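There are 4 protein chains.
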Amino acid sequence: MSKINKVVLAYSGGLDTSVIAKWLQETYDCEVVTFTADIGQGEEVEPARAKAEALGIKEIYIDDLREEFVRDFVFPMFRANTIYEGEYLLGTSIARPLIAKRLIEIANETGADAISHGATGKGNDQVRFELGAYALKPGIQVIAPWREWDLNSREKLMKYCETHEIPVDFSSSKKKSPYSMDANLLHISYEGGNLEDPWWEAEEDMWRWSVSPEQAPDEPTYITIEYEKGDPVALNGERQSPATLLENLNKIGGANGIGRLDIVENRYVGMKSRGCYETPGGTILLSAHRAIESLTLDREVAHLKDELMPRYAKIIYNGYWWSPERKMLQAAIDASQDVVNGEVRLKLYKGSVSVVGRRSEDSLFDERIATFEDDAGAYDQKDAEGFIKLNALRMRIAAGKGREYL
Amino acid sequence: MSKINKVVLAYSGGLDTSVIAKWLQETYDCEVVTFTADIGQGEEVEPARAKAEALGIKEIYIDDLREEFVRDFVFPMFRANTIYEGEYLLGTSIARPLIAKRLIEIANETGADAISHGATGKGNDQVRFELGAYALKPGIQVIAPWREWDLNSREKLMKYCETHEIPVDFSSSKKKSPYSMDANLLHISYEGGNLEDPWWEAEEDMWRWSVSPEQAPDEPTYITIEYEKGDPVALNGERQSPATLLENLNKIGGANGIGRLDIVENRYVGMKSRGCYETPGGTILLSAHRAIESLTLDREVAHLKDELMPRYAKIIYNGYWWSPERKMLQAAIDASQDVVNGEVRLKLYKGSVSVVGRRSEDSLFDERIATFEDDAGAYDQKDAEGFIKLNALRMRIAAGKGREYL
Amino acid sequence: MSKINKVVLAYSGGLDTSVIAKWLQETYDCEVVTFTADIGQGEEVEPARAKAEALGIKEIYIDDLREEFVRDFVFPMFRANTIYEGEYLLGTSIARPLIAKRLIEIANETGADAISHGATGKGNDQVRFELGAYALKPGIQVIAPWREWDLNSREKLMKYCETHEIPVDFSSSKKKSPYSMDANLLHISYEGGNLEDPWWEAEEDMWRWSVSPEQAPDEPTYITIEYEKGDPVALNGERQSPATLLENLNKIGGANGIGRLDIVENRYVGMKSRGCYETPGGTILLSAHRAIESLTLDREVAHLKDELMPRYAKIIYNGYWWSPERKMLQAAIDASQDVVNGEVRLKLYKGSVSVVGRRSEDSLFDERIATFEDDAGAYDQKDAEGFIKLNALRMRIAAGKGREYL
Amino acid sequence: MSKINKVVLAYSGGLDTSVIAKWLQETYDCEVVTFTADIGQGEEVEPARAKAEALGIKEIYIDDLREEFVRDFVFPMFRANTIYEGEYLLGTSIARPLIAKRLIEIANETGADAISHGATGKGNDQVRFELGAYALKPGIQVIAPWREWDLNSREKLMKYCETHEIPVDFSSSKKKSPYSMDANLLHISYEGGNLEDPWWEAEEDMWRWSVSPEQAPDEPTYITIEYEKGDPVALNGERQSPATLLENLNKIGGANGIGRLDIVENRYVGMKSRGCYETPGGTILLSAHRAIESLTLDREVAHLKDELMPRYAKIIYNGYWWSPERKMLQAAIDASQDVVNGEVRLKLYKGSVSVVGRRSEDSLFDERIATFEDDAGAYDQKDAEGFIKLNALRMRIAAGKGREYL
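Chains as they are written, first to last, in our numbering: chain A, 1 to 406; chain B, 1 to 406; chain C, 1 to 406; chain D, 1 to 406.
Bound conformation, chain A alone:
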């Protein structure tokens, strides 16, 4: 065990990270700096200050990162229409690099030589925190208590709290859930408990951000989202900051039962896990962004983006946000978005999002050419013959030489 002088801990104020704060002080005989961020998880962050003080912490960082989170992480990711394994909107994955970045910034400011976090040794989050940290500060040391200590059960943790007089507030509603949860402005997730049986249907009262489709209003809600350079900038005609816009979409989406997802996913560490997610605003934004792109992007650019997307999603899921390959792909994605401007109209109704209209000054939809009516010569149908004949040529030659394609 190398000598640690000061460690920056990603501190939620909850039981686990409070134990970690104490355990770090005790085990490494080092100073602990706590860092608590508001990334839209829906809980007050300020109470973490008193808790940290009670643990004897002297350097306490509490930051509101909501705008940075949405502007610099969520929106760039949505420019790529990013989905992992066909379903998952990467709500957890996209928050981790921001936390990693702040941990390192604070380590630099406070002269800490290590960081620590409360992620377990089985999950993706440890990877995301640590890859980010190593990329941004290669000499940093990382302490991952869940991989080191023997407090591997709730009972042992409680015992530790008792012994060490850790004043954790056990009345928080979140802790009463039987599920392991994570939340930020993009989503809330549920894992563990009964979900470990993939055949078991999640019970209605597990979900926290959305009403069930059954309980959603009987009338659809129509909204309009305006895009500039691939990012949403206004909702129903009102210009809003990134975080505000996403927060509002979460509310509207959640009220309409939108954004629930129940999947089995493949973790980077090699196992399958079952997760349930609520991503109301993100689900709407994915549809809306695809719709505005459908009108404004060149076909080949759109197809290239679609082919690159799974790889880009995997990079983010696996924790490589702060990598040169992510930057390289982002350069390509961003280069395509200058023209992605305009408005999308959507209908939200009992769990479903439907695009019902899209318009743009940068539209490439050419009604003169696309029309089923007389196009006054805008398009010469005879061109199609040569187009088809030459596209068929390689197969005609091959078939002529006996190749069979049946």
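These are computed hints drawn from the structure, not numbers from a lab. Bear in mind that the values here come from a model prediction, so they are computed numbers and not experimental data. Just so it is clear, CB atoms sit at the ideal spot from N, CA and C, and this is done for glycine as well. Please note: incorrect hints may appear among the correct ones.
[What the hints assert, rightly or not] Derived SDA-like pairs (lysine to any residue); straight-line CA-CA distance at most 25 Å:
#1 B:159 - B:53
#2 C:382 - B:399
#3 A:327 - D:265
#4 D:382 - B:143
#5 D:314 - A:318
#6 D:382 - B:233
#7 B:3 - D:375
#8 C:327 - D:403
[Claimed, not checked] Every beta carbon over 10 Å from chain D, so not counted as near; a handful from chain C, in silico:
#9 26
#10 50
#11 87
#12 153
#13 198
#14 272
Given the structure of chain A, go ahead and fit chains B, C and D onto it with the hints provided.
Frame of chain A; chains B, C and D shown alone:
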């Protein structure tokens, strides 16, 4: 114009192809063989016989291709979770290669030297018919009247019917639609008319296969689909043929308002067009197949499939079903499906499909390892440290040499 | 035939394009502007002026585009290590978009409403010229005489010259070749003649830019190339302009028998063709660029580039340089090149190029870590165990459940 | 440390693995089974028997795996034209999965519960051995002494030999090399020593399998290779087994100075390393296979293969031969090779391989169409106009709406 002796026409029995049948006889002074297929479009095909006879056709083919269509075209495509441009389930695209194949088979049987179809010179279907035909019979001649004749308006067509005493039945409900429509067991599509304004919302009574989500039942419907080697084989425990299963899913899906889609898509011939689609059964099958794969497929195989999918979709959309590259990709996809067995449980409700359970004898979900509880040593959390450190090494080296990733 | 007032012709000064100049005047009753470019083909361009004048041309453009060609087309392409079908360095393909651009610029300057070129209807060059022209000026008209006229044999052309008193100089050495040739600073190509039999070996005296390996010097030549941001900037320590550097590499490479290639390639128009190429400088640059990248690029960036490259090559080969998808890919490629700085040492000998050394201030080669000797703890070998175990986990789980990989 | 009863050791008979054999017996108090394979490394394997016996080994396996190696590993890999990072022919990588497979087969036969190998903790080979082992027998234990013991210098190893009376033969010429070497029928590799400076040119007497180009014959050697279904089956008209054919190509290639390579590569474990390789036969086979494919493969199939290849190469390099994703890709690759039949003629001369002819009954080269001469109507040049116009349409529409591509 080369001399044509006999031409096989893809004949629907409707106005357009009836005119074409006459026009071909007149223009090319050739025999016309008609071919009418039931691919689940929901209209009787037998009436086409009398119509063809009235046009003086002597060789008339009327085939029920529904099982072949679903078994050999729809299902193989769904093994790849195929979607074009993030949205479209390729309902039209996947029917065309079957028609092309039958046209060529009939040409071979009847000694015809040409085929003909009623697709326009602006669309994708001409490409799909003709690429298929050329690949399967390179010396075939293709007559595409819409690219040749001057009957380019409804009035001219009507006039032609009158002059030539074409006994078309104008009372068919389909023809009264202001939209250009296409249907088969996988979907029904709408183009043209008001849809040519992408901002205009399709009116409720355009849709024919599904009720609106608003009108769907207030209670969800739960179904179970069973898979064998990547294909669905049973619905709610009852083994069904491919066409029957898809037909039943269409009914159940349509009754629950599922499968409506409104998009702007990029045609192969170079223009954007707006289309609306109803694909009730297909929408359910996409979710179900992804769900059973999520449990049974290896992670890297699943990711490889996701990266290949957009290209596979493009191949089908563009009309290259009968190509060596499609066969090559199909070989890879099919090689992955042996283990895709098991059951998926889904909830259908007012337009949305939710997977709520999945189970399989071939499941790779390992509850012993995935659990948040004590795993009795099935997974050694300490392994994660080395995993992360070596995955980070290239970035740590680079950062140590001054590379910055912010 | 639409009315043409003025047409800009890509004019080489040779027989074919002289005939075209006359034929355009005669057929379209229009003014012809000639454009002749020096892109390093190794022939004087100034003589084209007198020839054009003799044909009655009043607006004559003669440009030296060598630096622009190498700087803005060849070098950006080499940043991607571009090879078409595993072999071809795209010497012809990369020159066409520059010609297309100048044709359009001149059309704009002279108020011409059309462009014309001497490429045949079977080849790729027509596509490259015309796609570029349409992308840069969508309303431009294109006249491709080889697709229109009936002068489809050497005899008819000669007859036409005679009749029209076209003063073509038939003594040019290039014209005596039995091959169809094309040259620019990147390469010279040979097609047609005996090469149409792919089993036939090209005779020694076909090749013009390089000595045979057998005739190359018996002593190897060592050179050093310096790179900045992915582009070569100095040869043997001497800073040189792009065109000068490539010209010098052509000389050195040619003298050492380097850069000959004999392939069967797939044309965009659907046929296979056999071509022989000499690309002495380009062959050296491909090796050198890969070598400097091997030292300075991150692994995942390098691999991503390798996976994108075939698509990028195809885009260029097919004529889509002036397309949004090429720009998008270029953005990704260029984003990777900031760190591609340093020196490469190569050995040239009788047809082969061998990299024998590379060094860079931006090297990511870490001798402390890579060493077989004691690394003083720079790398902890124990990390490898966890790395392997977690990478194996998905397969161990699968094998444990009975999956077999043999 | 878990209890090991019997371990199968990949045993070369050299110093390192002899020490390992003893160390395993001593450290784990277990039986050791040795496995020595002839995979064409060019050294006798039978002498390993006496050495193993001297170490007290009772179960000794000595196998001639040359044919299996080339037939089931090298040839399938070459069907994909596999190159890692643009240069490396994967000579080491492709041998490891065969060794892993035999280790596991022997473990099954002898009832061993562990395997062991002599690969270090810094390299790729440990990964390749162990991923293979875990995939084929998930419960197997792996002992990697170099990651465990403290014999991390030559001196300590020697001391260990002395203490334990290990009768290693130090006179073997291979051991006198300052380089770390690995050889099999596909290649021989060199790492370490002076090569750890990437600017340093390897000295001539390092290379063992090939003469220098300078010392190669002054006359070129012409050879013909015949292919069936993508694999070479005959050399100069003489049918040969896979191993024999590759061995002969190694001799001919080596005699002509062919197949030397000097690169900096990216290891899977995260560092760059410098390696030199001699792959005479493989270098010839890569050219020859590409050549026969150029004549017989469809264009889109060829391009798809080219785009998949870097990923396939990475899978093999990283050690995932025994993975479901490799099998999936192999299915696609193999599906393309039925038509890859015919003959290639090559010229070998002082380090370079030139394809000079190729012919095939399955050739898709259509001289009637490709000809520069009159093609008697086989190809209608007018088709090109429509082909180009529709391919340009999306860009013409975009440019017409103000998009700029310069």
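Worksheet item: Would the least Cβ to Cβ distance between residue 87 of chain C and chain D come out above 10 Å?
Response: 7 Å, violated
Discussion item. Residue 314 of chain D and residue 318 of chain A were given as a pair; does the straight-line alpha-carbon distance stay at or below 25 Å?
Written reply: Given pair residue 314 of chain D, residue 318 of chain A holds - Cα atoms ~18 Å apart, limit 25 Å.
Discussion item. For residue 159 of chain B and residue 53 of chain B, compute the direct alpha-carbon distance and say whether it is at most 25 Å.
Written reply: Between residue 159 of chain B and residue 53 of chain B the Cα gap is close to 21 Å, so the pair holds against 25 Å.
Discussion item. So if I understand the rule, the pair passes when the alpha-carbon distance is 25 Å or less; does residue 382 of chain D with residue 233 of chain B pass?
Written reply: 50 Å, violated
Worksheet item: Within a Cα-Cα threshold of 25 Å, do residue 3 of chain B and residue 375 of chain D meet the stated pairing?
Response: 21 Å, holds
Practice prompt. Given the hint that residue 327 of chain C pairs with residue 403 of chain D, test it: the Cα-Cα distance must not exceed 25 Å.
Written response: The given pair, whose Cα atoms are some 13 Å apart, holds under the 25 Å limit.
Worksheet entry | Pair hint outcome, residue 382 of chain C versus residue 399 of chain B [Cα-Cα no greater than 25 Å] | Status holds; Cα separation ~22 Å.
Worksheet item: Are all beta-carbon distances from residue 153 of chain C to chain D longer than 10 Å?
Response: The claim is violated: residue 153 of chain C sits with its nearest Cβ about 6 Å from chain D, within 10 Å.
Worksheet entry | Nearest-CB test (10 Å) between chain D and residue 198 of chain C | It is violated; residue 198 of chain C is separated from chain D by about 5 Å at its closest Cβ, not greater than 10 Å.
Practice prompt. Just double-check residue 50 of chain C for me: nearest Cβ-Cβ distance to chain D has to come out over 10 Å.
Written response: Check passes; 29 Å lies beyond 10 Å.
Worksheet item: Are residue 382 of chain D and residue 143 of chain B close enough, with their CA atoms no more than 25 Å apart?
Response: 17 Å, holds
Worksheet item: Would the least Cβ to Cβ distance between residue 26 of chain C and chain D come out above 10 Å?
Response: 20 Å, holds
Checked against the numbered hints above, the structure violates hints 6, 11, 12, 13, 14; every other hint is satisfied.
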